[in-house]
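The whole structure should be built from the sequences, with the hints applied where relevant.
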Amino acid sequence: MARRSAVIGIGQTDYRKQLELTLDGLVRWAALEAVADAGLTMADIDAVVVGKAPDALEGVMMPELSLCDALGAVGKPIHRVHTAGSVGASTAITGATLVESGRYERVLVVCYEKQSEGNATWALSGGRSGGQGAGGTFAPWIREYIRRSKAPEHIGWMVAVKDRLNALKNPHAHLHLPDITIDKVKESPMLWDPLHFLESCPSSDGAAAVVIASEDVARRAPHPPAWIIAHAKRTEFGSFPGRDTVRIQAGLDCAEALYKKAGITNPLEQIDCAEIYVPFSWYEPMWLEGHLITPEGEGWKLTEAGDTELAGRFPVNMSGGVLSSNAIGASGLIRCLEAANQVRGTAGDYQVDGARVALGHAYGGAAQYFAMWLVSSEIAPTF
Amino acid sequence: MAFPSRDVAIVATSQTPSYRHFDGPEPVMIMRCVNDLLSKTGLERKDLEFTIAGSCDYLSGLPFAFVQNIDGVGAWPPVYESHVEMDGAWALFEAWLRLQLGDIDVALVIGSGKSSPGRPREVFPLQTDPYVMAPLGLDPVSLAGIQARCLIDAGKATERDFASVVSRSRRDAMGNPNAQVAVDRSVDDLLGEPYYCEPLRRHDLPPISDGAAALVLAAGDRARALSSRPVWVTGMDHRIESHHPGLRDLTTSPSTALAAAEAGAGDGPVDVAELSVTYSPEEVVLREALGLSDAVTVNPSGGPLAGHPVMATGLVRVIEVANRIMAGSARRGVAHASSGPALQQNLVCVLQGGE
Chain A
6 MARRSAVIGI GQTDYRKQLE LTLDGLVRWA ALEAVADAGL TMADIDAVVV GKAPDALEGV
66 MMPELSLCDA LGAVGKPIHR VHTAGSVGAS TAITGATLVE SGRYERVLVV CYEKQSEGNA
126 TWALSGGRSG GQGAGGTFAP WIREYIRRSK APEHIGWMVA VKDRLNALKN PHAHLHLPDI
186 TIDKVKESPM LWDPLHFLES CPSSDGAAAV VIASEDVARR APHPPAWIIA HAKRTEFGSF
246 PGRDTVRIQA GLDCAEALYK KAGITNPLEQ IDCAEIYVPF SWYEPMWLEG HLITPEGEGW
306 KLTEAGDTEL AGRFPVNMSG GVLSSNAIGA SGLIRCLEAA NQVRGTAGDY QVDGARVALG
366 HAYGGAAQYF AMWLVSSEIA PTF
Chain B
17 MAFPSRDVAI VATSQTPSYR HFDGPEPVMI MRCVNDLLSK TGLERKDLEF TIAGSCDYLS
77 GLPFAFVQNI DGVGAWPPVY ESHVEMDGAW ALFEAWLRLQ LGDIDVALVI GSGKSSPGRP
137 REVFPLQTDP YVMAPLGLDP VSLAGIQARC LIDAGKATER DFASVVSRSR RDAMGNPNAQ
197 VAVDRSVDDL LGEPYYCEPL RRHDLPPISD GAAALVLAAG DRARALSSRP VWVTGMDHRI
257 ESHHPGLRDL TTSPSTALAA AEAGAGDGPV DVAELSVTYS PEEVVLREAL GLSDAVTVNP
317 SGGPLAGHPV MATGLVRVIE VANRIMAGSA RRGVAHASSG PALQQNLVCV LQGGE
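Residue numbers (my numbering), protein chains in the order written: chain A, 6 to 388; chain B, 17 to 371.
Hints may be right or wrong, so weigh each one.
Stated by the list, open to error - Straight-line distance between alpha carbons at most 27 Å, and here's what the computed DSSO-like set of lysine-lysine pairs gives:
1) K265/A with K62/B
2) K191/A with K174/A
3) K266/A with K62/B
Simulated from the structure, these hints should not be mistaken for lab results.
Printed below as a string of structure tokens:
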């Protein structure tokens, strides 16, 4: 029988360009903060799990080999996860699994990306397409969502503004755009119709880390734990005839499995807030629907009503989200740890009052990899 | 809490031959293994509750190369799966822990790689040249040469010992239909060859290979139902050493010794050991670290010197031990996988037949 696990320490670098830092320095910054937050030292860590997107983004092959010294992993197990854009959340889930298995008491999970080292759009195109990039992949699917849902075009602009305003409260965020407005978003250059420049994520550098611990250890931690009450992953082919690229089966299955594990029957009411991987504005309503938080066709109405704002009924991306910081390999872990920040009450100026259950989410590849977890201030919340 | 809380066993294995160049994409090799496993177990794809694969983008030179590999797994309807950018042996490690959670019973584990599209001696320095320094081009062959020199200087081995490893391994490989290099050459004959990277000769290096391997892992009664001869994973552990070769004693492998102790390798007799000896001098280091006497059969398959499908090589070691236990020719064995230059990171898996 699986035992329980919890996040007991969180560390983050700033997500601006970090030209003065090596990869070692970047990951160590986040790792040391997380370990200190957990009231531990590196010596207390049993195993390290590293996640990042393709090695080609920085040009260092299997970088866990060279980062093991900076991460205090010499003499320990170090494990490396790579599941495309979902990797940050996948790595968090692997870390939780390692603890839940009974094998380890304290696992350090570290994810990073240093996009200033390379050309992400080239790499995201598999190094072949001449720069279609992620936006070029997703734009037609977004247009299909708009056609089906009859969402007005300002929904994307609203998300772009909302997440950047949230980011003003987050000192780690890459983008701080205090003067952003709907007009500025819609007047910014069109990159991939309907996505404007300001509806797209930045290219960021940064590392994020969490310490995941067993129940025994978590109960002795100096700060409140974020109990990991459920996690789920699903994958499907990125391309095949008849694939529904808007309402994606793997995303539906993943959410269903997650809610079932947690005992959640009405996610919109029972989950207090969510950090969802939204690299392009329209993915907020698309994932609200695609992960069964709202009925089909209703996600954009939540956004339009202001319900996903920080003070709204179902706050989404309180930290500013991927639209404000996208250190790709870290982004999924940032979603997961920001969900943990909310239920620990450590989210600072972007804290949702009384958050009890929060969702952390990431997706990757051709919207074909999904990884999600639910954290709570209670070890076994009932709904 | 006692660990492991569940007995987990290998119930079926599959591997492609080691090819100098596989004339097709990597997912095809994976698909052959997966289909083979389904046929051997009678399972359907939906019965494989968790899939985890190990591969490396850099071998094929494509970011996200692993995404294509799910074509070989079969990801429709959607599947619960994950991927490590490590040898498939580490995928096995994660699957073994995943099955301890108790909610699922059957996992598919895969390792695959195609080294043939690139030049490994130019690709692998990307592990050893962190980008902040001027590239030194420190490649694995040169590091293996330095390790060999350290062994000779320490009086722990001679060039004849290295040639003996090669002679024995490639002769044993003649009985392995999946081997790429299988040949009967005497030690004296091998020692007559010129140096390639002194003190290494060309035959002290592994071949460049493409290949895939996979296995089905199952827990408890499900394992007993799926196989009349399940091979139990009684222990597994992995450890890493510093990235800086100058900070290590290359004549020893403390990470292997520690992993072996944690995995319980010494808790019983070892009938067979399959070790990731990618360069012949590594066998000397690994035998000592694992405490294997000369009586223990090492690499009866020929080992990586007979076929080295990087990212599957370690998982193949597990499979070779498991196959011998399934066949009844061994009762208990040790498999070893390695990553990084000069045995930087090492995994030890202990397997046992019977109850």
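Check the hint pairing K191/A with K174/A against an upper bound of 27 Å on the C-alpha distance. holds (23 Å)
Measure nothing beyond the straight line between the CA atoms of K265/A and K62/B; if it is 27 Å or shorter, mark the hint as holding. Roughly 19 Å separates the two Cα atoms, so the pair holds.
Do the alpha carbons of K266/A and K62/B lie within 27 Å of each other, as the hint requires? holds (20 Å)
Checked against the numbered hints given earlier, this structure breaks none of them.
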